[in-house]
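> Dock chain V against the given chain W, drawing on the hints supplied.
Quick note, the sequences are listed as chains W and V, same order.
Okay, so the first sequence: first residue is 1 according to full-length UniProt numbering, each after it adds one.
Okay, so the second sequence: first residue is 1 according to full-length UniProt numbering, each after it adds one.
There may be inaccurate statements among the hints.
[What the hints assert, rightly or not] Using 27 Å as the maximum straight-line C-alpha spacing, the simulated DSSO-like pairs for lysine-lysine come out as follows: (1) LYS278(V) - LYS266(V); (2) LYS259(V) - LYS4(W); (3) LYS151(V) - LYS266(V); (4) LYS4(W) - LYS104(W); (5) LYS420(V) - LYS68(W); (6) LYS266(V) - LYS224(V); (7) LYS137(W) - LYS324(V); (8) LYS460(V) - LYS278(V); (9) LYS499(V) - LYS444(V); (10) LYS30(V) - LYS68(W); (11) LYS74(V) - LYS30(V); (12) LYS324(V) - LYS420(V).
[What the hints assert, rightly or not] Here are some chain W residues the structure puts well away from chain V; computed CB gaps all over 10 Å: (13) ALA9; (14) GLY38; (15) GLU39; (16) GLY46; (17) GLU67; (18) ASP70; (19) ARG72; (20) GLY94; (21) ARG102; (22) VAL103; (23) ALA116; (24) ARG121; (25) ALA128; (26) ARG129; (27) ALA136; (28) ALA142.
[What the hints assert, rightly or not] Output of the computed footprint for chain V on chain W, the stretches with three or more beta carbons under 8 Å from beta carbons of chain V: (29) 53-61; (30) 84-91.
In short, the hints are calculated from the structure, not lab data.
This structure is a prediction, so every number in the text was calculated from the model and none was measured.
In this text, a Cβ means the ideal position worked out from N, Cα and C, and glycines have one as well.
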Amino acid sequence: MSTKEQRVAEIVAEHAGREGPMLPILHDIQHEFGCVDGEAERVIAGALNLSRADVHGVVSFYHDFHEKADPRPEVQICRAEACKARGVENLMAGAKQAAGERVKLSTVYCLGLCSAGPSARVGDTLHARLDAAALAKVIENA
Amino acid sequence: MSETRIVRISDDALARALGADALAAAFANKGVEVHRTSSWGMQWLEPLVEIEGMGFGPATLDDVDAILAGTSSKAIGEIVEHPFIARQQRLTFSRAGQTRPTNLDDYEETGGWAGLRRARQIGSEAIIEEVLASGLRGRGGAGFPAGIKWKTVAGAAGPQKYIVCNADEGDSGTFADRMVMEGDPYALIEGMAIAGEAVGADQGYIYCRSEYPDSIRKLTEALKLCEGIIAPFRCEVRTGAGAYVCGEETSLLNSLEGKRGEVRAKPPLPALEGLFGKPTVVNNVLTLSAVPHILAEGGAAHYGALGMDRSKGTMPIQLAGNIKHGGLFETAFGITLRELIYDIGGGTESGRPVKAVQVGGPLGAYIHPDQFDIRFDYEEYTVADALIGHGGITVFDDTADMGQMARFAMEFCAAESCGKCTPCRIGSIRGVELIDRIRAGGRKADAVEVLPVMHNASKKGRLPEQDIGLLTDLCETMKFGSLCALGGFTPYPVMSALKNWPEDFMPESEKVLDRNDA
Chain W
1 MSTKEQRVAE
11 IVAEHAGREG
21 PMLPILHDIQ
31 HEFGCVDGEA
41 ERVIAGALNL
51 SRADVHGVVS
61 FYHDFHEKAD
71 PRPEVQICRA
81 EACKARGVEN
91 LMAGAKQAAG
101 ERVKLSTVYC
111 LGLCSAGPSA
121 RVGDTLHARL
131 DAAALAKVIE
141 NA
Chain V
1 MSETRIVRIS
11 DDALARALGA
21 DALAAAFANK
31 GVEVHRTSSW
41 GMQWLEPLVE
51 IEGMGFGPAT
61 LDDVDAILAG
71 TSSKAIGEIV
81 EHPFIARQQR
91 LTFSRAGQTR
101 PTNLDDYEET
111 GGWAGLRRAR
121 QIGSEAIIEE
131 VLASGLRGRG
141 GAGFPAGIKW
151 KTVAGAAGPQ
161 KYIVCNADEG
171 DSGTFADRMV
181 MEGDPYALIE
191 GMAIAGEAVG
201 ADQGYIYCRS
211 EYPDSIRKLT
221 EALKLCEGII
231 APFRCEVRTG
241 AGAYVCGEET
251 SLLNSLEGKR
261 GEVRAKPPLP
271 ALEGLFGKPT
281 VVNNVLTLSA
291 VPHILAEGGA
301 AHYGALGMDR
311 SKGTMPIQLA
321 GNIKHGGLFE
331 TAFGITLREL
341 IYDIGGGTES
351 GRPVKAVQVG
361 GPLGAYIHPD
371 QFDIRFDYEE
381 YTVADALIGH
391 GGITVFDDTA
401 DMGQMARFAM
411 EFCAAESCGK
421 CTPCRIGSIR
431 GVELIDRIRA
441 GGRKADAVEV
451 LPVMHNASKK
461 GRLPEQDIGL
471 LTDLCETMKF
481 GSLCALGGFT
491 PYPVMSALKN
501 WPEDFMPESE
511 KVLDRNDA
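Just chain W, with the same shape it has in the complex (with noise of 0.2 Å):
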């Protein structure tokens, strides 16, 4: 057993007896690995007694969950309606510049902060009222 896969067994094992756990260890082995690969899918599989195909089936249906790591900070973007009312769209160009190869910017569909808009996330931190340099400073710091 890789050490990785030893992880994964005790996340599981943190949730057991918990009813419907598997959106909780998703979660934790996410926030912990960046990604729920093939390898935490097959452990998750075993211990919950489903086909690794359940596993995989939730996996990809959920936007939060990656199949793969991306190492590069995140930036997130809603372009929701209340946000593009507010000219998120005019930002999108001067942002992408912004962030280049090094942060991955990816749209969200609403942070809730719908009449402030323009609004971002870094992890757990928001951002609201952005403008273009607002935004690019954000990017910066990611």
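Then chain V, alone, in the frame of chain W:
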């Protein structure tokens, strides 16, 4: 500064996103006592600083000295007298801005747990009677009477039942659930405990979306602190994983069980066969948070006396998008869009004319300014082919391209479809393609259509008008053929945009011609 003054600054996610933490630290450095409270909901003024009832906002670090000296130009006067607050009827948000969210003393002093205490005295049947009498309807969007749902679960057989709180507030333009969870978490928990008392459930789950890290943190903290008060009822927060469709109740239940968040066919109703196949109450955050008020002495009669027709009580309305005074406005049903957008919201923030308003999130219709006299009421919106949904109002100014917004509605549906039913999974993709073709001025016959064997195919391609007919058909199919509201309601924004702003669907070249003519 001789006496200790108390400065109140919200620790709501929106205030924090605008620098409230740094501001609070700056005040603390000046030797004043800082209380981190919930937000008043006047979001254009965040971060809002309150000293002895007087408000200052939006405050920056440069304003700290002037605010303490009372000379700041950011002064807005007494907060409770502010027209935005004074005009509201706050029940669900009665504590907003005034208490520290996870402070148990603050909650108790403002009437907290009174509803639960009374509920335990009067018992299951009487609780359900009162909820029925109040006329409370589900605030998640469908507007189903909460009391009837509870009655069904209470009458269902089985030793294990569940209370599930739908806190997967994915609609753009809505944030009331987030504000309750971050600002008054005990009200939600109390509502769930009362629901548990009513139907005989001892386990609750709050399914909160992962995009709300502050809500998850505060609820977890609050649940730990009030464990002994709500016992034997137990409750746990579960984090979603970025799937919009999990706001649909059956998909949410699958997700809680650890499965793909695919929609289930109904029947069986979740009230009879819900979480893990057990009878389950699934209610929205706002529905459950309204319950403690209703269960307090005389609360049901008070609640039922507000509102109009079959829409009783108050609705926390969320003013969002391009609006000058955005925020949370709780009021009795019956208010018109015109009042909300102009009198209360102050029009657009950009100062340009309002072009469209989307009520009810990404699945709600785009409403034209000609229809702004429509009153906030479930039935009145249904008649107008629109929906209240979760009470979010997103304002767009005249720079908005409604053809683009209609395309986005289809694109969003394609990205978020759970894939279970065909009209939603495939219809949304075809919808994007159709709107693109309409906006490109129709299409030429393709290589297959011009083949001599294709006798029935048109050799001339298709005109935009024909594609519009096809889009209308597609929307009908999605509306009546989809399993849940995602595919079923996506046609609302698309068709309302097409009906009200057909010029935005014209090819770019023709639009220029039109402008030249005028």
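> Report the numbers of all earlier hints that the structure fails to satisfy, in ascending order.
Violated hints: 6, 8, 10, 12, 23, 24, 25, 26; rest satisfied.
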